[in-house]
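Novice: Each chain, letter by letter, is given below.
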Amino acid sequence: MTRPRFHTMTGGLRVSGLHKRFGKVVALHGVDLEVARGQLVGFLGPNGAGKTTTMRGILGLVAMDAGSVTWDGRTMTEEDRHHIGYMPQERGLYPGMKVHEHISYIGRLAGLDRETASRRAKHWADRVGLADRGKDLVQQLSTGNQQRVQLAVALVHEPELMILDEPFAGLDPVAVSMLSDVMAEQVEKGASVVFSSHQLELVQDLAEHVTIVAGGETRATGTVADLRNRSPRRQLEIRWTGPVPAWSPPEALAQEAPPGVSIFEVPAASDPAALIAQASLAGSVSAVSFQPPGLDEVFLELVGP
Amino acid sequence: MSWNLVKEVAEREIRTRARTKSFRIITGILVAAAILGPIVSALWPEGGDDLRQVTVGLVDVEETTQQQIMAFAEGNLDVTFQDYTGLPPAQLDQALSDGDIDVAIEGGQTLVWDRETDFEIAGLLFSVLQQQEVLVRGRMLGLDEGDIVQLLTPVQVEERFADKPGESEGVATGVAFLGLMAAFILPQAFGQLTMMSVVEEKSTRVIEVLLGHLRPRALLLGKVLGIGTMAVGQLMVVVGGLTAALLLTNTVDIPSSVWHFVPIIVVSILGGLAIYNTFFALLGSLISRQEDAAQVIMPTLLPLMAGYLVGQSAVFGDAESALVKVLTLFPLTAPMLLPVRVARDAIAPWEIALSLGLLAVGVWLLIRIAGRVYEFTLLQTGSRIGWGQVVRLSRGAALD
Chain U
1 MTRPRFHTMT GGLRVSGLHK RFGKVVALHG VDLEVARGQL VGFLGPNGAG KTTTMRGILG
61 LVAMDAGSVT WDGRTMTEED RHHIGYMPQE RGLYPGMKVH EHISYIGRLA GLDRETASRR
121 AKHWADRVGL ADRGKDLVQQ LSTGNQQRVQ LAVALVHEPE LMILDEPFAG LDPVAVSMLS
181 DVMAEQVEKG ASVVFSSHQL ELVQDLAEHV TIVAGGETRA TGTVADLRNR SPRRQLEIRW
241 TGPVPAWSPP EALAQEAPPG VSIFEVPAAS DPAALIAQAS LAGSVSAVSF QPPGLDEVFL
301 ELVGP
Chain G
1001 MSWNLVKEVA EREIRTRART KSFRIITGIL VAAAILGPIV SALWPEGGDD LRQVTVGLVD
1061 VEETTQQQIM AFAEGNLDVT FQDYTGLPPA QLDQALSDGD IDVAIEGGQT LVWDRETDFE
1121 IAGLLFSVLQ QQEVLVRGRM LGLDEGDIVQ LLTPVQVEER FADKPGESEG VATGVAFLGL
1181 MAAFILPQAF GQLTMMSVVE EKSTRVIEVL LGHLRPRALL LGKVLGIGTM AVGQLMVVVG
1241 GLTAALLLTN TVDIPSSVWH FVPIIVVSIL GGLAIYNTFF ALLGSLISRQ EDAAQVIMPT
1301 LLPLMAGYLV GQSAVFGDAE SALVKVLTLF PLTAPMLLPV RVARDAIAPW EIALSLGLLA
1361 VGVWLLIRIA GRVYEFTLLQ TGSRIGWGQV VRLSRGAALD
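Going line by line, the protein sequences match chains U and G.
Numbering follows the numbering used here, in which position 137 of the first sequence is assigned residue number 137; successive positions increment by one, without gaps.
Basically the numbering used here = 1-based index in the second sequence + 1000.
In short, the hints are calculated from the structure, not lab data.
Predicted model only: the values in this text are computed from it and were never measured.
Think of the CB as a built atom: it goes at the ideal place given N, C-alpha and C, for glycine as much as any other residue.
Just to be clear, a hint being listed does not mean it is correct.
[Unchecked claim] Interface residues of chain U toward chain G, partial, derived using beta-carbon atoms under 7 Å:
{"hint": "1", "residue": "Val26"}
{"hint": "2", "residue": "Leu59"}
{"hint": "3", "residue": "Tyr86"}
{"hint": "4", "residue": "Gly92"}
{"hint": "5", "residue": "Tyr105"}
{"hint": "6", "residue": "Leu112"}
[Stated by the list, open to error] Cut-off 27 Å, straight-line C-alpha distance, at most; resulting in silico cross-link-like pairs (DSS-like, lysine-lysine):
{"hint": "7", "chain 1": "U", "residue 1": "Lys98", "chain 2": "U", "residue 2": "Lys122"}
{"hint": "8", "chain 1": "G", "residue 1": "Lys1325", "chain 2": "U", "residue 2": "Lys98"}
{"hint": "9", "chain 1": "U", "residue 1": "Lys122", "chain 2": "U", "residue 2": "Lys135"}
{"hint": "10", "chain 1": "U", "residue 1": "Lys135", "chain 2": "U", "residue 2": "Lys98"}
{"hint": "11", "chain 1": "U", "residue 1": "Lys135", "chain 2": "G", "residue 2": "Lys1021"}
{"hint": "12", "chain 1": "G", "residue 1": "Lys1007", "chain 2": "U", "residue 2": "Lys98"}
{"hint": "13", "chain 1": "G", "residue 1": "Lys1007", "chain 2": "U", "residue 2": "Lys135"}
{"hint": "14", "chain 1": "U", "residue 1": "Lys122", "chain 2": "U", "residue 2": "Lys189"}
{"hint": "15", "chain 1": "G", "residue 1": "Lys1021", "chain 2": "G", "residue 2": "Lys1007"}
{"hint": "16", "chain 1": "G", "residue 1": "Lys1325", "chain 2": "U", "residue 2": "Lys122"}
Let the sequences and hints guide you as you build the complete structure.
Specialist: Here is the structure:
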């Protein structure tokens, strides 16, 4: 199993050794997470891994039994928490409030004055594509648009740290693209952004860093490329010009493949040049790829049964 | 705790709740009723057009006597006459027996009844007939007309009562009753609104977003203050409308003494709103669905009902019984009994001070307890949370 490796961080969020027990249920027993300023981190894990509890712990919604949450190197305070933008997994909005009023209200709770909150509410409503829906009641919006409101609510006070719990769940491709852009913009501005998602391809595209938790503990952390490279396996894909030969590399596991193609799972230590040479002896090779597994496979390696 | 955040929460509650149709309609109906009541009463005063109809039979009675009777009866009895002069006496007796006439005057000195004397009519007719007779006698004695009139001018008889009811007792009873009703109805209506507000925040999960920015106690306080302010606003609009209508129509004289105890009544109603809104909010945090409200509401209804029933007995009966006195000191029933006893002037100043003091302590304690419970129940969803579970949660345990 790949153990967590942390790099030195000068600013941002650092969560260390979080422990939380709910009666007989151990929810967290050693979660570590780091999100530097200007960094986008994917926070991955299967259902029940402890992602939401960790996020709630960072927000101070749930008191932890042990561990620490620091911001810029010091224990996170109530004041620091005003600078967090949170998008919960189960969307939370007042159905009977108007869109602009709702965004503005949360802005004021986050410490903005009335005028600034109103101005920002308009800006973010426009930015998430709800420019003409400001006076509509939240309950009059579609689920997707309500999710856009939820995003605007998380952004209205232009937080330094964004915690997004399953932000892409249920979004259409247009909204996914908008949300991805917004997250990237915030990172560009220097915000720390951490988000959870089960859409691993999306995470692989968006996040440079990921932290994977399972069973209430951090199983791996690092860049996506690093985690993929740390895998003990590689994927060898060979495209043949003629019939597919009955050839298999040593210690390989054949995978399902389309016609004219062979896919094998081989040890990471395998020599790709030697494998290509062997394959060429067995048949007519037109193309070869030798890659570490995708994030989804790394994820399964780390958290799977 | 940031009071700015409390204010924000309170303002949101007021804005969103006051905008609801139900609140506007109910307030409109109450204000209309408060204003229309005195106006209707002034336009159709009790008995104004409904004077007792009296028919008087006449046998050889002079015109002046009839005029005198009409003058005396004005505003008290609606008198009409039927002349039986020259008709057989049996016909007069039959008219009396049939109820066609209430009484007959024969010759100016005799009143004829069917079976028994009606003293209201008799009093009027005796006075008129006596005056007529005195006038005749005076003339016979050669008295000057002016002297006779002076003699007949009614003497102003003053009255004195050994146990006269207080000047404002009627109004005080009315104020006591209104105070009791307000202290009973407002906490129920607005307390349940508070409860529904808490449940809405839990069921929609907006609570997670809110608690990222403010502490549970600030949220609770803001909610209690906001919805309490709405209740006070509604009460003031209704009472204001009622008072203005009463003053304009002059239906009831409001004694100045009333204004002396109104502040205490207002304070006790405010205390009631504070303690019950907090109580309802606490209970709301134990459930996640509005349909579960009936399961948890009982602890609030019991003291409310007890206070109301005992309060009603104090409005119309003994306001200083031992039970009334004890419940005046209990914070959950004090808001209903204080207005009654104060309005009825049946409470010592020290009792008022003690009762309000205990009410204040009760509100403070309940806010602390509710704030604590809130912290552990607001994020819990699913089935109703029992009190045993609340204790476990406060120790960091999880729900089953």
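Novice: Look at each hint and say if it fits the structure.
Specialist: A quick look at each hint next to the structure:
1. Against a cut-off of 7 Å between C-beta atoms, the interface hint on valine 26 of chain U is violated, since the closest Cβ of chain G lies about 10 Å away.
2. With its C-beta approaching chain G no nearer than about 5 Å, leucine 59 of chain U sits inside the 7 Å limit, and its interface hint holds.
3. For the restraint placing tyrosine 86 of chain U at the interface with chain G, the shortest Cβ-Cβ distance is roughly 5 Å, inside the 7 Å limit, so the hint holds.
4. Proximity of glycine 92 of chain U to chain G holds as hinted, the smallest CB-CB distance being about 4 Å (cut-off 7 Å).
5. The beta carbon of tyrosine 105 of chain U is positioned within 7 Å of a beta carbon in chain G (closest approach about 6 Å), and the interface hint is therefore held.
6. The closest approach between the C-beta of leucine 112 of chain U and any C-beta of chain G is roughly 11 Å, which is over the 7 Å cut-off, so the hint fails.
7. Between the alpha carbons of lysine 98 of chain U and lysine 122 of chain U the distance comes to roughly 12 Å, so the proposed pair stays at or under 27 Å and holds.
8. For the given pair, lysine 1325 of chain G sits about 49 Å from lysine 98 of chain U by alpha-carbon distance, which is inconsistent with the 27 Å threshold.
9. About 11 Å separates the Cα atoms of lysine 122 of chain U and lysine 135 of chain U, which keeps this hinted pair within 27 Å; it holds.
10. A threshold of 27 Å between alpha carbons decides the hint, and for lysine 135 of chain U with lysine 98 of chain U the separation of about 5 Å falls inside it, so the pair holds.
11. Among the hinted pairs, lysine 135 of chain U with lysine 1021 of chain G is consistent with the structure: their alpha-carbon atoms are about 18 Å apart, no more than 27 Å.
12. For the hint linking lysine 1007 of chain G to lysine 98 of chain U, the alpha-carbon distance of about 19 Å falls within 27 Å, and the restraint holds.
13. Straight-line distance between C-alpha atoms of lysine 1007 of chain G and lysine 135 of chain U comes to about 23 Å, which keeps the hinted pair within the 27 Å bound.
14. Under the criterion of a C-alpha separation no larger than 27 Å, the hint pairing lysine 122 of chain U with lysine 189 of chain U is consistent with the structure, at around 20 Å.
15. The straight-line distance between the Cα atoms of lysine 1021 of chain G and lysine 1007 of chain G is roughly 24 Å, inside the 27 Å bound, and the hint therefore holds.
16. With a C-alpha separation of about 58 Å, the suggested pairing of lysine 1325 of chain G with lysine 122 of chain U is violated against the 27 Å cut-off.
Violated hints, in rising order: 1, 6, 8, 16; the structure is consistent with all others.
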